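Heads up: the protein sequence lines correspond to chains A and B, in order. Note that our numbering has the first sequence beginning at 8, numbered continuously upward. Note that our numbering has the second sequence beginning at 8, numbered continuously upward.
Keep in mind that the hints are not guaranteed to be accurate.
[Claimed, not checked] With a Cα cut of at most 30 angstroms, we get these calculated DSSO-like pairs of lysine-lysine:
#1 Lys-150/B - Lys-150/A
#2 Lys-57/A - Lys-19/A
#3 Lys-150/B - Lys-19/A
[Claimed, not checked] Chain A is nowhere near these chain B residues, computed Cβ spacing over 12 angstroms in every case:
#4 Asp-23
#5 Gly-43
#6 Ile-143
#7 Glu-266
#8 Gln-387
#9 Leu-395
#10 Thr-399
#11 Lys-450
It should be emphasised that the hints constitute simulated quantities derived from the structure, not laboratory data. The model shown is predicted, which means the values in this text are computed figures rather than measured ones. For every residue, glycine included, the Cβ atom is placed at its ideal position computed from N, Cα and C.
So you can see what is in the structure, the chains are spelled out below.
Protein chains: 2
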Amino acid sequence: MQGQPNQLVLRKLGIDTQQEYIVFMRSDSSVCVSEGITSLMRVQISCRGKTIVATVNAVTGNILGPGEASLSNRAFEILGASDGDTIRVSHLSALDSMSLVRAKIYGRRLEQEHYDIIIQDIVHGYYSGVHLSAFIAGCVASKLDRGEVLGLTRAMLNAGQRMTWPGIVADKHCVGGIPGNRTTPIVVSIVAENGILIPKTSSRAITSPAGTADTMEVMAPVNLSLPEIRRVVEKFGGCIAWGGSAKLSPADDIFIRVERALDIDSESQMIASVLSKKAAVGATHVVLDIPVGETAKVRSEAEAKRLSDLFEDIGAAIGLTVQTVITDGSQPVGRGIGPALEARDVLCVLHNANDAPHDLKSKSILIAGQILEQCGKAIQGQGEEMALETLTSGRALSRFMNICEAQGGFREPRKAQFQHDIVSDRSGRITSVNNRKIARLAKLVGAPADPCAGIEFLAPAGTRISRGDLLFTLHADSRGQLEYALDYYARQEDFLQMSEGAP
Amino acid sequence: MQGQPNQLVLRKLGIDTQQEYIVFMRSDSSVCVSEGITSLMRVQISCRGKTIVATVNAVTGNILGPGEASLSNRAFEILGASDGDTIRVSHLSALDSMSLVRAKIYGRRLEQEHYDIIIQDIVHGYYSGVHLSAFIAGCVASKLDRGEVLGLTRAMLNAGQRMTWPGIVADKHCVGGIPGNRTTPIVVSIVAENGILIPKTSSRAITSPAGTADTMEVMAPVNLSLPEIRRVVEKFGGCIAWGGSAKLSPADDIFIRVERALDIDSESQMIASVLSKKAAVGATHVVLDIPVGETAKVRSEAEAKRLSDLFEDIGAAIGLTVQTVITDGSQPVGRGIGPALEARDVLCVLHNANDAPHDLKSKSILIAGQILEQCGKAIQGQGEEMALETLTSGRALSRFMNICEAQGGFREPRKAQFQHDIVSDRSGRITSVNNRKIARLAKLVGAPADPCAGIEFLAPAGTRISRGDLLFTLHADSRGQLEYALDYYARQEDFLQMSEGAP
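Using the sequences plus the hints, can you model the full thing?
Pasting the structure below:
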């Protein structure tokens, strides 16, 4: 027997498989032969004192020499490994927690300790996409009860780090489903300017054309570590960071990529994800924005009430005061849909520009005012006035610029390479807008992967339109995707409802 | 713009990712840049008039030159492509059928046409593992009703080819869960020898240490095309082929690999899978073996009855006469568990060896007899006698050898490189055997991927054991897996129940 049959020397091939770690090993290597390791098996890779789980791609050609192995780019990064380093390959011990996932799929109720075990395995990277997908589908299908949602929330909170701050800490969240609804940078600037701590972490898009983190990233770096978040917030009272890089709810970042592939957004997963992240960032008070509309995520006041009760209830169980604002979710907020186009809207509002989207401005004022009241900064009924003053005085803008600088420097949103105008083929008044189809179109044109891609939407409900008037403009950075989106648009009927002729 | 920005020239890197097709493309290639294609996207690859769907791995190093691309080994094979061929890369159109999968996860009932759409997309290779896993979990969680199981069965049948034969055509199936239960090669030989057509296709293992196709492959090639199956059956009345290579129910082969990763074996999927394959192979009469036992897949007579009714009902709806035999599923059948070890048992029975496992022999006689009666070859009550005579006369053996020759040539099972005996640490009588743990151990030792790996099981219930007596022998082809299995065995308590001392 050779000395160390399960050790191999790294050689970088430069293969990018993002978060799916791959190890490339010759199928005739001693480790594959003696350990019975074959392609697609999941194995443990140790290097420099760190261990990850990776999927095996067997190499049958000569791109690796005998005794050599390679890793996908991200796996090199996460291990801090370089060419010439030695890795140790070992069997992954049996994934016992999958029996709990199977039980969940078969409809069994799981307890707190079960969720802890599952989430720990997920955070350790033991689950492949196939395993994660089964867990998510099982949770959605079996409709977790209150106790299970709490169990999942606590498990997600326990699996990551947790920040603490002195005194009251504000946070906000919007349940989403409304394209372009990008109030966060404005709200954070107003709240922080009024002396309330608001260490805001946001998601990237799950099934939408942009998440707040995607939009903010157009204007400033958002990949902040926990110490960086602390530094920015201690200096300027607030930040707008991507939650993923802060690793405050590491399980959530793993779920998100599978939910995106499935285009599924489960309610219990959402509650657990949101509240675990709020608690992890150290928030004490949370304002929750639930937009209601026919094509929004929440479609009725009754559903909004039920969801609001669940959030308040689970929030209280983990020590958070949650307060809900139900808002108009009938159509996109602002004009831009897609990271850079939404960032432009945000900057217009902060600059008090004449043509700033009025709906985005008033919604930001509403939410900021609510937070100022909830945290005892403004007396009941006067929060919005205080928020508006902070905005119109220009103090919100300079606070925002300070935060951007502290996060690594402000940058102006760029414009996409290609634009394509969509004009109306008839006259009338816009009566309703399909949020889902608008969002789909923005995704097909490249958002959020291409930050400048998206839609500039100019025909909100109520607008009078003449034949030939501009309805919206598609922005794209690749011709292929622009054509692909136009092809989809041509096959659809009901993006907008219009009453023809006179009202 | 270049002439053909979405065309690239193939260069083989020799990377084996089995059935998961990968396309390797430089991230700075014109096709990635102009079409907005990034790592992990799923794209269509066309070459030599064929099209597959593959996952993108972006290459950032120099293993590919400008204008070059590569494919995983299996993708090269399936396209019939070679070095220097040109591929065309295009966006995969939106996966509309995932909205049906989401509806299923949310508990909505799906209709025949919905299952047809989903299964068509799956057979075209449009679903990744994440999508397949969500569909399987959704079907399990929402407990398909009779109409849905029929819808799924018909959809799976419609998605593949279908054979036709003159007159009565027999088939058999065992719902499994019993290690070593390898009656098929014996039954097929007896039935075919008595003049009834039995074009048998079998599965590879899903969650067990060996499927019938895995066991048969140790003795003869099983990867037969439809014309090859027809040739063998027309010559010798029967065959034992792998259903996967015949592509009779192509969706099933795709489900199996995800079910294996999840270690889940859904009832509705099983019924749809079994009956669609029976109908596709042209069977008219099916004998269904349901082993019942505490650690078998079916644990009570009542459950067996319910399952049997479902099989008979759905079978009748697609034109199959299904008859059930409920058998003893309390412990492994035969001595061997794992492809080669089970093949040895089969050969012992066919050779009428003195030490042939009696349980395997009598069970094969029972099922063959039932088929002879069901197909009108033997009068009621005399099927087993006819089957026994066919076996003891040696005619079953020579029929089996003829079939093996016609399938490509008989080969003797090989013995594994490493053996390890497990002896009893106490005396007593074996009272029960845990099928699930025995199967798990056989898998850990390498079965079915290593065909010679497995367990030789020598302590069935009822056996009197003295301290130091052999209970079973582990067979392995890799030292790593043998040690791994021994480690698992050391941590377990209840492989066997034993009553201590005198009975």
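Going through the hints against the structure:
1. Lys-150/B - Lys-150/A: 14 angstroms, holds
2. Lys-57/A - Lys-19/A: Given that 30 angstroms is the threshold and the Cα spacing comes to 18 angstroms, the pair holds.
3. Lys-150/B - Lys-19/A: 47 angstroms, violated
4. Asp-23: Non-interface label fails for Asp-23/B: nearest chain A Cβ at 4 angstroms, not farther than 12 angstroms.
5. Gly-43: Non-interface label on Gly-43/B violated, nearest chain A Cβ at 4 angstroms vs cutoff 12 angstroms.
6. Ile-143: Given that some Cβ of chain A is not farther than 12 angstroms from that of Ile-143/B, nearest at about 7 angstroms, it is violated.
7. Glu-266: Violated: least Cβ distance 10 angstroms, not greater than 12 angstroms.
8. Gln-387: 40 angstroms, holds
9. Leu-395: 41 angstroms, holds
10. Thr-399: Holds, because the least Cβ-Cβ distance between Thr-399/B and chain A comes to about 40 angstroms, which exceeds 12 angstroms.
11. Lys-450: Violated, since 10 angstroms does not exceed 12 angstroms.
Against the hints set out earlier in the document, violations occur for numbers 3, 4, 5, 6, 7 and 11.
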